[in-house]
Amino acid sequence: MSSSAFSLKRTPGTAPGIEHDEIANLPVERERASITCIDYCPAQVSIQEISDLEGFVNYHRPDWSVVRWISVDGLADMHAIQVLATKYNLHPLAIEDLIHSTQRPKIDSYGGGGSEFQARLFIVTRILFITNGRLQHEQISIFLGHNTVLTFQESRRPEWEFIRQRINAKGSRLRGNDASFLAYSLLDVVIDKCFPILEYYSDRAEELADLILEKSDPQLINGIHQLKRDLLQIHRVIWPMREVVSSLLRDSHECISDATRVYLRDLYDHIIQILEITETYREIASDLIDNYMSSISNRMNEIMKVLTLIGTIFIPLTFLAGVYGMNFRHFPELEQPWAYPAFWFICFLVALVMVLIFRHRKWL
Amino acid sequence: MSSSAFSLKRTPGTAPGIEHDEIANLPVERERASITCIDYCPAQVSIQEISDLEGFVNYHRPDWSVVRWISVDGLADMHAIQVLATKYNLHPLAIEDLIHSTQRPKIDSYGGGGSEFQARLFIVTRILFITNGRLQHEQISIFLGHNTVLTFQESRRPEWEFIRQRINAKGSRLRGNDASFLAYSLLDVVIDKCFPILEYYSDRAEELADLILEKSDPQLINGIHQLKRDLLQIHRVIWPMREVVSSLLRDSHECISDATRVYLRDLYDHIIQILEITETYREIASDLIDNYMSSISNRMNEIMKVLTLIGTIFIPLTFLAGVYGMNFRHFPELEQPWAYPAFWFICFLVALVMVLIFRHRKWL
Amino acid sequence: MSSSAFSLKRTPGTAPGIEHDEIANLPVERERASITCIDYCPAQVSIQEISDLEGFVNYHRPDWSVVRWISVDGLADMHAIQVLATKYNLHPLAIEDLIHSTQRPKIDSYGGGGSEFQARLFIVTRILFITNGRLQHEQISIFLGHNTVLTFQESRRPEWEFIRQRINAKGSRLRGNDASFLAYSLLDVVIDKCFPILEYYSDRAEELADLILEKSDPQLINGIHQLKRDLLQIHRVIWPMREVVSSLLRDSHECISDATRVYLRDLYDHIIQILEITETYREIASDLIDNYMSSISNRMNEIMKVLTLIGTIFIPLTFLAGVYGMNFRHFPELEQPWAYPAFWFICFLVALVMVLIFRHRKWL
Amino acid sequence: MSSSAFSLKRTPGTAPGIEHDEIANLPVERERASITCIDYCPAQVSIQEISDLEGFVNYHRPDWSVVRWISVDGLADMHAIQVLATKYNLHPLAIEDLIHSTQRPKIDSYGGGGSEFQARLFIVTRILFITNGRLQHEQISIFLGHNTVLTFQESRRPEWEFIRQRINAKGSRLRGNDASFLAYSLLDVVIDKCFPILEYYSDRAEELADLILEKSDPQLINGIHQLKRDLLQIHRVIWPMREVVSSLLRDSHECISDATRVYLRDLYDHIIQILEITETYREIASDLIDNYMSSISNRMNEIMKVLTLIGTIFIPLTFLAGVYGMNFRHFPELEQPWAYPAFWFICFLVALVMVLIFRHRKWL
Amino acid sequence: MSSSAFSLKRTPGTAPGIEHDEIANLPVERERASITCIDYCPAQVSIQEISDLEGFVNYHRPDWSVVRWISVDGLADMHAIQVLATKYNLHPLAIEDLIHSTQRPKIDSYGGGGSEFQARLFIVTRILFITNGRLQHEQISIFLGHNTVLTFQESRRPEWEFIRQRINAKGSRLRGNDASFLAYSLLDVVIDKCFPILEYYSDRAEELADLILEKSDPQLINGIHQLKRDLLQIHRVIWPMREVVSSLLRDSHECISDATRVYLRDLYDHIIQILEITETYREIASDLIDNYMSSISNRMNEIMKVLTLIGTIFIPLTFLAGVYGMNFRHFPELEQPWAYPAFWFICFLVALVMVLIFRHRKWL
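Chains as they are written, first to last, in the numbering used here: chain A, 863 to 1226; chain B, 863 to 1226; chain C, 863 to 1226; chain D, 863 to 1226; chain E, 863 to 1226.
Check each hint, because a few of them may be wrong.
For chains that are exact copies, the list does not tell them apart, and a pair is met inside one copy or across any two.
[Said to hold, decoys possible] Here are the simulated DSS-like pairs of lysine-lysine, each with C-alpha atoms no more than 30 Å apart in a straight line:
(1) K968 to K949
(2) K1032 to K968
(3) K1167 to K949
(4) K1055 to K1032
(5) K1077 to K1055
Source of the hints: derived by calculation from the structure; they are not laboratory data.
In isolation and in its complexed conformation, chain A is listed as follows:
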């Protein structure tokens, strides 16, 4: 049942969370994740694809680096996740959520305030995209520290390219701001991705509305139901994002700067807008179903009415033909030479009167 927003992978009775040393033992196919590290400050940028992860984590970041963004594409490389989890001291529960990748969007704050873990915001979001006409969504896990952002995604996301371009652009607002602004920008891309998707569904709805007027193909109703389910799924994925961003706005956290908070308000407005559009489209889809149903039922009623009218006009005529087929010996009309033409005239008259009556009562 693919329409459930988030799938079901937990096995009851397993321990909650995944410890750092347990990660490497997880039974997954060993494929290397592609890891990119970007360091930047207003004056300088450095982008490196990392092949030797152990070597990388042993070096300190350059002094000029204000923000370091490590982006991991692929969640099956347990070794890479283990190394990064140990280096950045990630919480076992967060690692579990990151690997299982079927979480609903949420935000958790771990550590900070003198606890054993460093202050980290762990944000789970889901990016929507359309592949082969089917709506898909993938989990994106973002760890935000004071000047580090870690992102984990199932596959290389083309959307990140826009962010890299803005980091490369000297003087861009993104480059001049801190790590929380980078995290905001990533969420912003994820949310803005919904607008073209909604446009796709808007076109799809218009197309279906046109088809309904033309014919009554049972495939259409499946199409509308699919449209409605997809919109529901968008709603299901975006709705918890509202909670995430509103919690970022409401609760002050040491990793989020005031400058970023202003922009989060803007992001919140976009989320509300997407939810409202989704709501509107779902109502339009419901209207489409109603339209389809009533067009079907109208057509059927129309057919039955016309057929019954035809039947009704012929019933008295058939009776009349039956009457003059009777074999009574004394049957005065049968003898008359004008009887047969008169029969046809009467038939014509009866049919005409009935049609006129039906017309007058607006039955035809």
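Using the hints, position chains B, C, D and E against chain A.
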């Protein structure tokens, strides 16, 4: 799909907000906006159409001016927007919302309290109007400072004329009050604009109700659905205004005076009233659909019933005619001279008895 | 569209509120309002009909008067309203609401705490009544000061008579209490007025339920819809009263004494009770519609079933008659003397067997 | 309309509340209430039926008495109510609610904290019971003081007997606790009374579900509607009890001891449980209606289908019989000796083919 | 009516709560409960099946034991419950809830802060499982003290085995934590148990969706209704768990450590996820019902349409056959030798034209 309240123009991956120096690069047709500046105090008023914007912003406002209202008609003149944004130090996010002009009504407070920006309230509202029988709405963006109001609208709004008249009228309450009262008056005009629109839909609903009684034109149902969708759209546009005004009432802001707040309460009442009327009309529209449906189905049932009754009356008669058309050699009735008249008599009798039974059972 | 609870009279662009000197210029037919002034204290009562309003407002109230109640019947006498508004320093927004008389029930508190206006509670309520079988409601505006109550209503309300009697009754609780208790008593009368109205609709619903069992008159469905709409309107009028009284209970205001607050809690209970009864009756009305619909559809199904059964029984018989009407030269049965009676016997047998089958399957 | 939860007895314009000296003047039939007074402490119990009420109220309670419970059966004995109201200083509004006995469950706290009245909790609850298969409910009014409980009910409630037994049982928790625990125990009995009533409706629903499978009696649908209305009424009566108990839990009141509060939490759980069960049963009742409706409509469709199939099979055969009944002079088939048997064979063939087609298409 | 989530066992009038010395008198079949006691600390574990309960409770726990978990399988052994209740000083209300075992999930905190009882959290939860294709649920009662956990369940739960394994595993997080972590782990197992159950219902829904496309068996609709009711029951059971865990998260309690609280947040996320999936599946079930209904009605309409078309085509032909069966003496056509073939040609032509018309109108 034009029924979505707010359209979809964001491209994913673009940077949030629009910096002042980016504005002029935006790819829009270069048409000049018409800009009006009104300065007033209880004693004096000055209205000027501004053609040389750079010259204008370099001069200080006259000392006597208590409130300055700059009204910009047309959102395509990026140069004008850039000059004003720089002069009044508008926030990049607000500029983006202002230019994209597809925002839902909202209120944002920028700056104040020692931040880099001056205290500004940025209010987005939408004015409803009816053009060629179709409901339209345009965004109106209002910036409210301590003694300045900036309004940006897509086209010259005739509704502003009423405000200008009241500013011109010596001793009017508007003239004697501060900038926040002007902002309130603008919102008040926008909200009051809904009353004649609702009256239009009230007339439309009555008209449709009358037409339904007369005939069952499938066009009618489209008309009712359109009515319902328009009312939903009014609701969608006005509902966030409730939030805007309630937030103005609730959160004290340095730009809103206490005198204005009393009037905002009145505005809030009007919004609630409009929302309730919209709700009522939508229920009436739903009732119209129900009425139409049940009138259709009643008519169809009535037709089928009458036709089936006619058929049923003739069925035994046709059988009887068939009987006396049989060719049995020994067929006593056929020989009798009274047989044929008797047949007609029996037919009449059977039909009569059936009609009486149907009448008695209230089937006819 | 008379079913909207509150009508639409605002013209967009007009200034909010009505100043005292604007009142007299309002274009209404000049008919004199009837004004009654009642002064009372536990020991003494004085009731006067006021014809010379200017003279009246120039005199101070007698020293013994604890509460003064000025009741104005008729909202078209702008002169009277102007004089009283000036004397009692009423707020322009309140005067506007009072004159337009299409407000939903609400409460506004003006002035007090050293502002330019004196402390005033402005309460708008609506009294429901039934005229010629149609539900009507009129606005009643109540201004409550420290020891003065002003009421404005469109016409002389017979319900006030009960209040006057209780003021006249020496030792009554009303007489011994302050102005806020008088305001409470007025609201109490307005709310209690709903109980007989709800009883009227209870009777109406029972009547309709009986009629539905008897016959299927399309007028009935209109009657039920009207019932439902009227109940909705009662709900719409009473619902905001809940908010009004709950706000009186919640927010302490200098004009409301603690003694009165205990009674307001009782009033609140009555409002909740009315809202619940209205809700119950609306559900009953919905059930009535369902019952009507299913009784219609049952009857129709019953008819169609019986008619089709009749048709079905005769169809094989007609076929049989057709068979023996054929003109084959070699047709053994036709020659037999017992053939014709046998035909009737077979017809009877076939019909009997079909009826028995239909009976057995519970189709008849 | 007996399905409204609470009836309508208020006359508009009457004074709110009933003063102690007004009680005796109320126009009710003079029947003596039966009054029982129970004094108890952990060590001792005394139960007395009171016939001389004046005498009784003049004596002080025995010193050993920790809790005094005065239970009044019958609300028509205005004298008794007057005497007790004076003795225990009951609030006029509470007396009015007590006598009118059509209140929805509620809680009012009067007096305490140095006011003219002593601290009293006035709790109105309603006990549900089934008489002759019809759901009834009666008001029970409970006044709770520091060590006194007064209960007023319309008739002697058998449920109180359980409480008396527990008071009589030495060492019972009820006996060892204070007055608020007695009040809690009374409410607990009232709520627990709902469980057997819900069991009754559970049985009733199962019974109706079985009957629906058997036949389509229109009486059934009335039965289900009655079931649904009764469950709604239980909900209406219990729902405000939730508010009452939650308010007792939330707001600390001097008459409620901490020990009792723990037990009130348990009572609250029971109320939630009853509300949930009611909700479940109402959904089951709705399902029953759906089932009934769809069983009716299935049966009807089945009938129509079979009858139409029969008709359709015979229509071509009748046509064929008609053909060979034609009187054309040149009609080769008629002359053949095998023609008549061939006709029957063709008829049989046509019918068989049609039945096979219908079978193949799963129409039969 | 087995679909109610929680059954009805309270007898009205019985005393609330069950005292320790009352337990043994309860009339239940005397079957021995199986009791297991597990003591553990990071370094050591000891598991013992307890047969001599009295002996057991008289010994102190070993000094090294950090957490003691006593698990009681079977609620009919009143003696065991009495002994443990006395030993661990359980509250009478909690014992009542524990024995009746029909509670909805809830949390109660007893004692602590110097009261007569020790600080205890009493958590009622329900575990869902599927036996013979039917959804079942059993109550699990958990008492949590500072370093003791008591669990009572109706039968030996296989799910506990996972917990025991993790306790046995040296260095597991469970073994290194305190009693509240054990309580959390138990709740976690109970919640995670839902995931395979939801998967079962996902498969069931897909299966039903496939069957609907194939045929219209009335059994299907029962299956879908059962699916919907089961999902509702899961929702009913899990929904209050949300409240339980959210209350554990919100209100700090001395028995819950901070380390555990982080994990409870994770548990809360799982509960929300289950509730959302349940919601999704219920919508899918509703869609299934709609699909079934419309597939039924489509099939019926299709049948009626085809049959009526067949009837309609033959009606004019039968009339024509009737015409030429008439016995008029002067009947020119009858004499012609080409008349009979012409009749068949006309019949064929009429049928063809009608079929073409029906095709053109898309009726066939």
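Hints versus structure:
Proximity of K968 and K949 under a CA criterion of 30 Å is satisfied intra-copy only: 23 Å inside one chain copy versus 41 Å between copies. Taking identical chains as interchangeable, the C-alpha atoms of K1032 and K968 are never at most 30 Å apart, the minima being 33 Å within one chain and 33 Å between chains. For a Cα distance limit of 30 Å, the shortest separation of K1167 from K949 qualifies neither inside one copy, at 78 Å, nor across copies, at 72 Å. In this assembly of identical chains, the alpha carbons of K1055 and K1032 lie at most 30 Å apart only when taken from the same copy (25 Å versus 47 Å across copies).
With identical chains, the CA atoms of K1077 and K1055 are never at most 30 Å apart, being 34 Å at best within one copy and 42 Å at best between copies.
Of the numbered hints listed earlier, those contradicted by the structure are 2, 3, 5.
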